[in-house]
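As given, the protein sequences belong to chains A, B and C, one line each in that order. Residue numbers for the first sequence follow my numbering, so the first one is 1 and each next one is one higher. Residue numbers for the second sequence follow my numbering, so the first one is 1001 and each next one is one higher. Residue numbers for the third sequence follow my numbering, so the first one is 2001 and each next one is one higher.
These are calculated hints, taken from the structure and not from any lab test. Please note that a few of the clues may not be correct.
Here are the computed distance ranges between Cβ atoms for each label pair [unchecked claim]:
(1) B/W1102 <-> C/F2026: 14 to 20 Å
(2) A/H42 <-> C/P2052: 19 to 25 Å
(3) C/L2046 <-> B/G1162: 33 to 39 Å
(4) A/D120 <-> B/P1057: 22 to 28 Å
(5) B/Y1424 <-> A/R178: 27 to 33 Å
(6) A/I130 <-> B/T1112: 45 to 51 Å
(7) B/N1462 <-> C/L2027: 55 to 61 Å
(8) C/L2046 <-> B/T1008: 52 to 58 Å
(9) A/V74 <-> B/V1213: 43 to 49 Å
(10) B/K1554 <-> C/F2026: 45 to 51 Å
From the structure, some residues in chain C lie toward chain A, with a derived Cβ separation under 7 Å [what the hints assert, rightly or not]:
(11) P2016
(12) Q2019
(13) V2049
(14) I2051
(15) P2052
Don't be surprised by glycine CBs; every beta carbon is placed ideally from N, CA and C.
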Amino acid sequence: MAISPPSDKIWWNNPVHRVELIWIAVAFAWGLVMFFMMIYWHATGSQNLATESYRTTPNAYYAKVERNVADWQVRELNGIPVIKPPIGADIYLLGRMWLWYPVIELERGQSYRLHLSSLDLQHGFSLQPININVQVHPGYEHVLTVTPDKSGEYTVVCNEFCGLGHHMMLGKIFVVDR
Amino acid sequence: MSKTLFRTCPTTGLKIDLSAQALIKANAVAAVVFLAIGGLFGLSVALTRWPAVHLLPADWFYLALTAHGLDVLLLWIIFFEIAVLYFASAILLNSRIAAPRWAWAAFALMLTGGLVTNVAVLQGQSTVMFTSYPPMMAAQHFYLGLILFAVGALIACGVFFGTLVIARDEKTYQGSIPLVTFGALTAAIIAVFTLASGAIILIPTWLWSMGLVSNIDPLMYKLVWWAMGHSSQQINVSAHVAIWYAIAAMLFGAKPLSEKVSRGAFLLYILFLQLASAHHLLVEPGLSSEWKVFNTSYAMYLAVLGSMIHGLSVPGAMEAAQRARGFNKGIFEWLRKAPWGNPAFSGMFLSLVMFGFLGGISGVVMGTEQINIIIHNTLYVPGHFHGTVVAGTTLTFMAMTYLLIPLIFQRQVAFPKLARWQPYVFGLGVAGISLFMMGAGTLGVSRRHWDITFATAPFDFNYPPTAFLMMALNGMSAIAASIGGLMFIVIVVASVFFGKPVRDKIILAAPSGQPISGAVATYGSAGTLRIPGTLVLVGIFFVAFVLYYFVNWKYLSEIWPMR
Amino acid sequence: MSDKEPAAGEEPVRIPFMQRVLDNHFLLLFLGVVVPTVLYIIWGILELVQIPVAP
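Take these sequences, add in the hints, and give me the full structure.
Written out as structure tokens, the structure reads:
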């Protein structure tokens, strides 16, 4: 029994049931499929998370965000600036307690370099309704190249707990046709 | 040490060290107390997330969520695991326990640490969630309590290793340790890595909370913290798999199909299971895809291979034992005629199935580097780990408790009719919690979130109506699970404190079985052994796994292109 | 671990290598701590300390 020592002194050489051997082979092969699927998707898939990252400071990052707003603000939404950056631009989005800042307007089918960082605590960039989720750290800048392929209104929810106002923390990204 | 006192177990004939027995009792009782407290917090969390009920105000919600995580994920589980370690070493090896005084000191440290951290959370200055990510800071004694707990649990692991050495030196067993003890050894090894990582990261964080260290890097913290946070769940997996083998052996006289294969599967756990801590860092900046792919796949899914082996080997051992008793009709007579009215069996079997289908498949899928983008920090994550830690570990520990009560506490299980239903009620509730949270997460609903209507936010946003339905169903499932949990607590308290003493030999297996024939206990049957039922079960599992895996790649391919 | 020595005529039993590994609990403890420490923690920390400063 499994609760008593093996009855044979040498159990390593006992034969293994054929069903077990087949299952081990199947499970091992499936593991390889899943492993190489990730590598395959890096080579051919369109959805891979960038690893381009930098150290930064809240002040340095905030300065870049403010420059974005000064250069590209087109209007306000509920008191928050809306920026419309040129195609391919470096866009700096910041999370802070409890807002994603600023609101961004993008063109459908164009690529942008979206930078993410936080001014205070960790936040969770959760783009709804398409459900893209990226962790945002203070002191680090993460650069994703995104290509919005459907127009519409997208909401950035914060999905990392960041204090008592966490559930109020939203942002907006608009994707418009040219 | 010559004054060690033993009794002989009338049922198993094992020699039981009375101080090991007392330690097992103390740790198991502490575990159940924290389960009750943590479960209550969990219910309040689920009822708050049910939008129509929305029980708690925001500050209490986040506080309750912090306490829920600590009390059940850490305290209930690890206290019970320490009881399992002592049982699998001292009791199963017929040995005295090493250094009982140190074991009591470990218990005292763990209990003190657990209470201190609970007090810190309840005082309201440490609402930082279980993960306590810096720069969010908790009160000093929040970290101190966790450190004391981790150090205590490390000492307890030391007692386990010491007991292995004593048993070997004093030749209390012949040959290799039993498979169940080997599984417990796996859990203890992972626990050493886990608790050491916890201490390494929590000590500087504690100093930071006192102002002695100026900065804790949030990424570095997260990397090392998850070596504790996730690996602690790998202790659970190892421990509950070991208990599956134990329950199969105690109820059916089942022996592993192959010692080599089952131990090899545990070896894969020892080497690779802990790498899955990377599951929590797949959408983090600063780590390369090579690091992410290699670690998240437990080195090319070798630890998943281990789990899939156990998934065949545990039911296969039971099937072989049942067939040897004459339940040979068709593919499933062995399973149909299993003791479904015995909560130790039903709890264990439900846990086996739900761990595989709910927790296992979802864990591997969400741990795929790219697929994690559509899952990270959504409710899918707690949906997954309620499938592993609650349906898997907690239900298994409950099932084991029904055997510990007569064997270690020497009491009859009180309210046997209630006990008969308990695993079903609890299991059904947990299955609902797991499924509905995963459903809501797939729809994007955030975890750790007080108000998914965003009533006070600067912008309007609504999740799809189905998400609200999922949250309501999750709340109802949590009520069912809480009723099941309450039944368990009532049964345990009534049995342990007021139960009828057990003096004589008891029959663990259901009376429906014929006496265990000698054939089950010998090797060399590998050529003739038949386990077609198990083959069908793992076949269904495999198909579900493959389909669900590729469905999620399909979901992923529908989001914005990004690189 | 048997306490009876092999009798004079018997072949001394040789325990297979892997069985000896699996019976060596402290070797397993060593491996179970070192493997994740190197592959997960140390490799991870090396990557984190190499993150460049933002331009």
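Status of the hints after comparison with the structure:
Here the CB-CB span from B/W1102 to C/F2026 is close to 18 Å, well matched to the stated 14 to 20 Å. Look at A/H42 against C/P2052: about 22 Å separates their beta carbons, and that is inside 19 to 25 Å. In this structure, C/L2046 and B/G1162 meet the distance hint of 33 to 39 Å, their C-beta atoms being roughly 35 Å apart. A hinted range of 22 to 28 Å for the beta carbons of A/D120 and B/P1057 is consistent with their spacing of about 23 Å.
Separated by about 59 Å at the C-beta atoms, B/Y1424 and A/R178 break the suggested range of 27 to 33 Å. Restraint check, A/I130 to B/T1112: a C-beta distance of roughly 48 Å satisfies the suggested window 45 to 51 Å. Between B/N1462 and C/L2027 the CB atoms are about 57 Å apart, so this pair conforms to the stated range of 55 to 61 Å. Checked against the hint of 52 to 58 Å, the pair C/L2046 and B/T1008 passes, with Cβ atoms roughly 55 Å apart.
Between A/V74 and B/V1213 the CB atoms are about 45 Å apart, so this pair conforms to the stated range of 43 to 49 Å. The hinted range of 45 to 51 Å is satisfied by B/K1554 and C/F2026, whose Cβ atoms lie roughly 47 Å apart. Annotation: C/P2016 was flagged as interfacial toward chain A, and the flag holds, the nearest CB pair being 4 Å apart, inside 7 Å. Proximity of C/Q2019 to chain A holds as hinted, the smallest CB-CB distance being about 4 Å (cut-off 7 Å).
Here the hint on C/V2049 is broken, as its CB sits about 10 Å from the closest CB of chain A, past 7 Å. Interface restraint check for C/I2051: the shortest CB-CB distance to chain A comes to about 5 Å, inside 7 Å, so the restraint holds. Hint on C/P2052 holds. Least Cβ distance to chain A is approximately 6 Å, under the 7 Å limit.
Violated hints for the displayed structure, listed by number in ascending order: 5, 13.
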